[in-house]
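Here the protein sequences come in this chain order: V and R.
Residue numbers for the first sequence follow numbering that gives the first Met the number 0, beginning at 0 and rising by one.
Residue numbers for the second sequence follow numbering that gives the first Met the number 0, beginning at 0 and rising by one.
The reader is advised that the hints may include incorrect statements.
[As the list claims (entries may be wrong)] Label-pair distances were calculated between CB atoms; the ranges are: (1) V:Ala562 - R:Ala15: 27 to 35 Å; (2) R:Gly186 - V:Ala15: 21 to 29 Å; (3) R:Arg306 - V:Arg12: 38 to 46 Å; (4) R:Pro184 - V:Gly382: 45 to 53 Å; (5) R:Thr304 - V:Ala378: 46 to 54 Å; (6) R:Ala6 - V:Ala15: 52 to 60 Å; (7) V:Arg12 - R:Thr10: 42 to 50 Å; (8) V:Val282 - R:Pro184: 56 to 64 Å; (9) R:Pro445 - V:Ser453: 51 to 59 Å; (10) R:Ile173 - V:Asp177: 20 to 28 Å; (11) V:Gly76 - R:Gly275: 30 to 38 Å; (12) V:Ser368 - R:Gly3: 48 to 56 Å; (13) V:Thr61 - R:Gly186: 32 to 40 Å.
[Said to hold, decoys possible] Some chain R residues well away from chain V (every beta-carbon gap over 10 Å; in silico): (14) Gly3; (15) Asp93; (16) Asp441; (17) Glu502; (18) Gly517; (19) Ala528.
Just so you know, the hints here were simulated from the structure itself, not pulled from any lab data.
Here the structure is a predicted model, which means the values were calculated and not measured.
Don't be surprised by glycine CBs; every beta carbon is placed ideally from N, CA and C.
Protein chains: 2
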Amino acid sequence: MAAGLSAAQLTERHGATLDKALGAIRTRAYWSPHPEHPKVYGDGSGIGPAEGKAAFDALLGTRFELDQPGTDDWPGGEVSPYGIELGIQYPHPDIDVLLPAMRAAMPAWREAGPKTRALACVEILARINARSHEFAHAVMHTSGQAFTMAFQAGGPHAQDRGLEAVAYAYAEQIRVPDSAEWVKPQGKRDPLQLRTTFTAVPRGVALLIGCNTFPTWNGFPGLFASLATGNPVLVKPHPRAVLPLALTVRIAREVLAEAGFDPNLVCLAAERPGEGIAKTLAVRPEIRIIDYTGSSAFGEWLETTARQAQVFTEKAGVNTVVVDSTDDYRGMLSNLAFALSLYSGQMCTTPQNLLIPRDGIATDAGHKSYDEVVADLAAAVQGLLGDDARANALLGALVNPGVRERLENAPSLGSVALASRQVTHPEFPDAVVRTPAIVTLDGAKPDAEAAFLSECFGPVSFAVAVDSTDQAIALLRRTVREKGAMTIGAYTTSPQVERAVEEVCLEESAQLSLNLTGGVYVNQTAAFADFHGTGGNPAANSTLCDGAFVANRFRTVEVRRPA
Amino acid sequence: MAAGLSAAQLTERHGATLDKALGAIRTRAYWSPHPEHPKVYGDGSGIGPAEGKAAFDALLGTRFELDQPGTDDWPGGEVSPYGIELGIQYPHPDIDVLLPAMRAAMPAWREAGPKTRALACVEILARINARSHEFAHAVMHTSGQAFTMAFQAGGPHAQDRGLEAVAYAYAEQIRVPDSAEWVKPQGKRDPLQLRTTFTAVPRGVALLIGCNTFPTWNGFPGLFASLATGNPVLVKPHPRAVLPLALTVRIAREVLAEAGFDPNLVCLAAERPGEGIAKTLAVRPEIRIIDYTGSSAFGEWLETTARQAQVFTEKAGVNTVVVDSTDDYRGMLSNLAFALSLYSGQMCTTPQNLLIPRDGIATDAGHKSYDEVVADLAAAVQGLLGDDARANALLGALVNPGVRERLENAPSLGSVALASRQVTHPEFPDAVVRTPAIVTLDGAKPDAEAAFLSECFGPVSFAVAVDSTDQAIALLRRTVREKGAMTIGAYTTSPQVERAVEEVCLEESAQLSLNLTGGVYVNQTAAFADFHGTGGNPAANSTLCDGAFVANRFRTVEVRRPA
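Let's have the full structure, built from the sequences with the hints guiding it.
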């Protein structure tokens, strides 16, 4: 390792953090080394708000140099959902030059071993953390998230997910010792003896295909899981959300170079408009791991076609909430209103279908008819978002025209119980900010089923009238089995109903949140504590983050010698 | 749990064994709870030789009742490679009846939890162990292995592999606690609090597709990994090697029923001649896990086609030994001679290509020309197998006509350095027993390449003349990358060559044995200590046994409630 950053320095800086992360994935108690409050940054720890904004502004309209081999073009063209043009140009790869360069970086990174790799990854994350204010602007102006969410979900929470992946990757690699003495008794004869070494070896180049809505949060786990297990990572961001991952690649390259490794272990692949470079990259023989977040169609294409690679996908699902009964009607309504509103429902975890018995539900505020529940929920959303400043802070902007089209089409699907409202952003007049719509559908009608059994990504939810809670539970099972779900919620005061919903989630492999009425929402998961998806239903083939997410990113090679 | 076999009894009987197995996979030191000497059995521990033979004989010509639902036919027709007809009929499933019955068994097995499942699996293995003498005959008369090998590899060693899988499965499931309290500070406000439960849930019905040569050794890992992670297992044996797995299914069903579980958690699917039921089963939506050992063609078909399942395959490879130099020429020759002879080269781990410089090699017995090395190896094999009794004890019988055809075709591929010899079996005159052939090929000739770069499964090995050790290493790399390998061997006294071979194995993901000259052979791996294959080259997509072999057989479902 070169002069810059020694293994000893890395251990001193981050050894304790890695140990705590290893502990957290075992206990799954709350833990994070990355403060989530923007105010914490800038006063000795990382850069502050003004510096972050200035750093972001300085990037606009520039060429994003990364000094990668084989750059043959400089595409760009990101336009913020808030209306400004970023005008940043990124390197487009000649992959016949870049991929061999990345492969050439592998042996030294493999030889560094699991611990040095893990600590170098933590250093990358620490430097990203210090620049959380800069990342916040980058995430905000590519995803459309409001600033605070862009800061938290795109910054500390994404860093947590990255660190969690590093911890899992490290733990997995050290389950086998570096070496072993094997002595097999042979009765009266001498025992058979071998000395065996075990080495974690990488699979090859990993491809990260980023998404538009959560470029860092959904991107970091795969990136760091692959890198920590010895694989170079080629980062192919969504063409509308390049900047957050380009910054990530730059920081990773800096750290790797300082630690004496080839910076080509982490490279960026920007694409020309309409190029679809992911399809070309995904089937290259050098690509042995793919992480993807996005549409089911492309995710399934990857799973089926990129047979030379381990493919980890998060795709579309139909998240469902069963509303049976509650002892905190107001808490339920406000919790659901928030869950539907946050980032205009553009989270893969936002509830879409609310299954409500048509005869109504029992609550602490008396029996509520189906119509009352829907009207009260609509009122709760309206109340939450009545103030434009608060609405802007919660909603953010619609990430792309496709979401707006779906929202505008929503009234054609059923009866509108809550119409979407346009909100003006004081600072960015061109931002497309919309409150969520609630559409009522009759669960017994086939044409309604076609609507609510498809993912309608964005600020549209369906209040589905069902004959009974039993029918709701049957529909829940069918939805998860056929369409998948990242999250399931349920409200009930009945132990029998609770048990039945739980059983469906256990049998169909879905993550369940019960009776959330306070400040935790069904669409939020915390690294170290919560699994994001299960990997066991059609919405995703893996979870963030467990042993299966990391165990097949490397292999263990054994060398036996007579002792 | 019913009266028969309580969780407490299982813990008392097998808790210590499970703990030791968990320790062994961490240290990878030698360990086995299953004695490998036939003599140990019968005197208080398990059934003895006479009883085992009698039990096997009593099965011949009978209908193998398993009391499974949906049995619609009783195919059979196994003929021992030693010439006798087994005449046993096995249940053929109506899969539309059997698969739902297996699914119905899942919830209670899931609820039993990882520990009870693991201990029940250990009980199954213990009962199989007690009947090792019976299994030995069953394995011998389906695989053609000689009795001692059938006893050891088909008995205790297979049981070790099964126990190893149970240990990995159990360890993986308990990495996450049963529950956690999540308390997130909120500054001056009350903390956010959740109580979360975590449950390991099965994927669905697992399909084990057995092989002809090692029905138990290659079958137990997948069977027990799936069962221990909560999945029912449908066992589809090779039609020529049904009995060892039918016995396994029967014992598993007995234990499960005694422990109060539905015996349909483990079922048998025998097939009619030429039916190819594996193709039908593999794409059923209920089948979510597949374990397969066999041809590359069908393995790749499964990997590509059975997209609804996690597919674990061990396929064909071209195992290679680099012969550069040695300080124990005699030891090298006798070690290689044994490796080529054991079970007539019908192990997936038997060396096929011996890469020998055409200018010869340096040895402790002086320089040896290519021709001398080949002649001396041929003489070593002849010496080892000169005595018919010893030959029969080592070789066993050819498992099927395909192997004999390949052997008979071998002389057409190159020059015969050692001709195969027919050996008469004193007890079974119809047994097809053959000594291995060694064929010399010139590695520089394209037509030779076509021969040695294909798997020639059976007692045929190629002494490939190469220009230099460097060329041998380049050919080794190409072989592993393009064709895959379960095992690599190398003989060298040069640290540079050793390092170069090691580097190829690390980069191409192959298991390496260096300078084996004593009583350990390249084709043998020991459970708990050695990985069988790497899962990182074309010969197999998984290894026996690591975290990746078990981690995706279950998912973790989380249920969150406000605390």
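Hint check:
1. V:Ala562 - R:Ala15: 27 to 35 Å: The hint (27 to 35 Å, Cβ to Cβ) holds, given that Ala562 (chain V) and Ala15 (chain R) are roughly 28 Å apart.
2. R:Gly186 - V:Ala15: 21 to 29 Å: 25 Å, holds
3. R:Arg306 - V:Arg12: 38 to 46 Å: 44 Å, holds
4. R:Pro184 - V:Gly382: 45 to 53 Å: 28 Å, violated
5. R:Thr304 - V:Ala378: 46 to 54 Å: Cβ of Thr304 (chain R) to Cβ of Ala378 (chain V): about 52 Å, so the range 46 to 54 Å holds.
6. R:Ala6 - V:Ala15: 52 to 60 Å: Cβ of Ala6 (chain R) to Cβ of Ala15 (chain V): about 40 Å, so the range 52 to 60 Å is violated.
7. V:Arg12 - R:Thr10: 42 to 50 Å: For Thr10 (chain R) against Arg12 (chain V), whose Cβ atoms are near 45 Å apart, the range 42 to 50 Å holds.
8. V:Val282 - R:Pro184: 56 to 64 Å: 47 Å, violated
9. R:Pro445 - V:Ser453: 51 to 59 Å: Taking Cβ atoms as reference, Pro445 (chain R) and Ser453 (chain V) lie about 55 Å apart, which means the hint holds.
10. R:Ile173 - V:Asp177: 20 to 28 Å: 24 Å, holds
11. V:Gly76 - R:Gly275: 30 to 38 Å: 53 Å, violated
12. V:Ser368 - R:Gly3: 48 to 56 Å: 53 Å, holds
13. V:Thr61 - R:Gly186: 32 to 40 Å: 38 Å, holds
14. Gly3: 26 Å, holds
15. Asp93: The claim stands: Asp93 (chain R) keeps its Cβ more than 10 Å from every Cβ of chain V (closest is about 24 Å).
16. Asp441: 29 Å, holds
17. Glu502: Glu502 (chain R) is in fact no farther than 10 Å from some Cβ atom of chain V, at 7 Å.
18. Gly517: 6 Å, violated
19. Ala528: 5 Å, violated
Checked against the numbered hints given earlier, the structure breaks hints 4, 6, 8, 11, 17, 18, 19 and satisfies all the rest.
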